[in-house]
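Assemble chain V onto chain Z, guided by the hints.
Quick mapping for you: the protein sequence lines, in order, are chains Z and V.
With the working numbering, the residue at position 20 of the first sequence is 20, and numbering never jumps.
With the working numbering, the residue at position 203 of the second sequence is 203, and numbering never jumps.
Everything labelled a hint here was simulated from the structure, so no lab data went into it.
One thing to keep in mind: the hints can contain errors.
Pairs of lysine-lysine residues, derived as BS3-like cross-links and limited to a Cα-Cα distance of at most 30 Å, are as follows [what the hints assert, rightly or not]:
1) Z/K142 - Z/K47
2) Z/K102 - Z/K38
3) Z/K14 - Z/K72
4) Z/K125 - Z/K72
5) V/K198 - Z/K14
6) V/K498 - Z/K10
7) V/K530 - Z/K10
Not the full set, but computed from the structure, chain V residues with beta-carbon under 7 Å of chain Z [to be verified]:
8) I176
9) V184
10) A221
11) G222
12) A223
13) L248
14) V252
Derived CB-CB ranges, DEER-like [claimed, not checked]:
15) Z/T61 - V/F166: 33 to 43 Å
16) V/A316 - Z/A4: 52 to 62 Å
17) V/H528 - Z/C21: 34 to 44 Å
Even glycine gets a Cβ: it sits at the ideal position worked out from N, Cα and C.
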Amino acid sequence: MNEAQVANRKLMRKLFVIAVCMFGFAYALVPFYEVICKLTGSNNLLKADVVQNTQVDKSRTVIIEFDANTHKLAWNFKPTQNSLTVHLGEIVQVTYEVRNTKDVPVSGQAIPSYGPALAGKYFRKLDCFCFTKQTLAANERKQMPVVFVVDPSLPKDVNVITLSYTFFEVAGSQATNQAEPAVKEGELRGGSS
Amino acid sequence: MSSISHDHAHGHGHDDHGHHPTGLMRWITTTNHKDIGTMYLIFAFTMFIVGGLLAWGIRAELMYPGMQLWDPERFNSFTTMHGLIMVFGAIMPAFVGFANWQIPLMIGASDMAFARMNNWSFWLLPVAAILLVTSFFLPGGAPAAGWTLYAPLSVQQGMSMDFTIFAIHIMGASSIMGSINIIVTILNMRAPGMTLMKMPLFVWTWLITAYLLIAVMPVLAGAVTMILTDRHFGTSFFNAAGGGDPVLYQHVFCFFGHPEVYIMILPAFGIISQIIPTFARKPLFGYASMVYATASIAILSFIVWAHHMFVVGMPAAGLLFFMYATMLIAVPTGVKVFNWVATMWRGSMTFETPMLFAVGFIFVFTMGGFTGLICAIMPIDIQIQDTYYVVAHFHYVLVAGSLFALFAGTYYWLPKWTGHMYSETLGKLHFWASIIFFNITFFPMHFLGLAGMPRRIPDYATQFADFNFIASIGAFGFGLSQLIFLIAVVKCAKGGPKATAQVWEGADGLEWTVPSPAPYHTFEEPPHVK
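This is chain Z alone, in the form it adopts within the complex (with noise of 0.2 Å):
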């Protein structure tokens, strides 16, 4: 091999190199996104929101539909009651029941979506189980609380919002540490805001 073929090889090597460091830049993106959405704000899912209006306003009332689903989960899951009747600023506390139909312990995370999706903005969560991992022991049974209040400054025409939970198997889940939450903050976007 001449001086010139060496030379050529060397600045392949170093090319070749920068290639295989941008195809792990890509997955370098993944944890990199996640940063980015904490440190703007733009996932806010697992937190509990803050009110600052508690007035509430008794002329007014909006129907809150319950809506539970699972997803590829052995768990039954359903609210207590399909709906209820409120007044916006008035903090009403509801509860769901979740049982795992299977003999080991499994982990799951609810998502929450809202519909209208724009009724998402008004409806503030001051307590959830979707804002951790819940994980159920064989065949466990569970009441979970969620707490919320409909801002007052709903918009008039929402007469109805339907507030509707999906649970989802966390991966590898059998048994996991219950301490740290499903999905980490970031991962998750859409809906609430």
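Relative to chain Z, chain V alone:
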């Protein structure tokens, strides 16, 4: 059988230049940059025809409102495959074909740095193309998620998506090997005296493009690999059901996607920068500023990707950053356009076909650039995103930009490649038919987009009917016009008036010092550049 023994002999007698395999084996085993360049160009034209037939399928459905020919899923697979085939099968390989033919000739090198790898980068392409095209015959049909393969659609679609992902992996490997070859050739194999700032601009633009390719093709490979593992191996990068985020895919894809559009236009700028000085009979105005402008466009291309996704939900500061960064790209692009115009200013211009295509390029590409600027303005983009305005914009830069530059370059260098002059009549006919039908096809799409017609739909409200009819007529005419190109090129390859070594009166550069047609081996002894 004889060809195999020839190949064997070739392997032993590496310096035996007169003795290379003939027939099919010559093309399969060739390591000659001119052979490989020719194969790239033929492959690209073939894929251009395939992609064009898909475009005809799209325009035939959209000619009238209502559902005519295809069901919506089939229609979506047409738009998806049209995009993938034109981007990865036609435009990119065509530019690599030009690079293979011209870069060694222009810098006075005898061949590409890694001739064997060069052969391999080409022969990966037909494999990828077969994977892509056969996906039409799989259960569920070809991928229909759009050429951007956005999650969650791409995570959910049938097995044709896996074929597409593998095709992208293979094409990516081909591009990366091709780019490494080009960079090493340009940096290490220039003739003595050919300093970087003496290189022809086509070589400069390809050097920068090759770096872009090495930087972003692996990112695309990473993105589609994540889709693949989401589909089959239980990961949840983009799968919302497992805590993933589809928006993340858009970020990763567009991090590739925006530099990609410059990958498809920078070599076009290079070709135009070669042609304008030749036919204006003046040196290029502002050579150094052209080089810096090209580099600035390439660097800026890495920080503007989210202008493709202004409506996904971003903090206002992010929206503003991406808007201003995008608009900044108009500055170096403007430098280029003004330099071309200044080169023509007071030149003794003649309008042979390459010059017609080059001037047509400047005119129509600039219109595409301006609509790009309009799309970059975030409040306007919120209105026009995903409408036909965007379709019109990117066809003005990709067809009137990249494709017209490819035609210009073909007519410009064809006499050097074949040794014959092409028919000026056919060339001019091709130009006028192309530019007129191009505008008939895509100009009405601006109005359709502004009126709110969404893209990627097989049916539309009746108020859009007239402009769609006009666009469809234009598309059929544009497609047929390309047959003139095919005839002109085949005719030129078969015979015609002998071309001189310099071919064009005002042509300047090393490639014009070798005879026409360029001999199989050139610059075995490197020339000296003063």
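Report task. If any of the earlier hints don't hold here, list their numbers in rising order. Result -> The structure breaks hints 2, 3, 6, 15; every other hint is satisfied.
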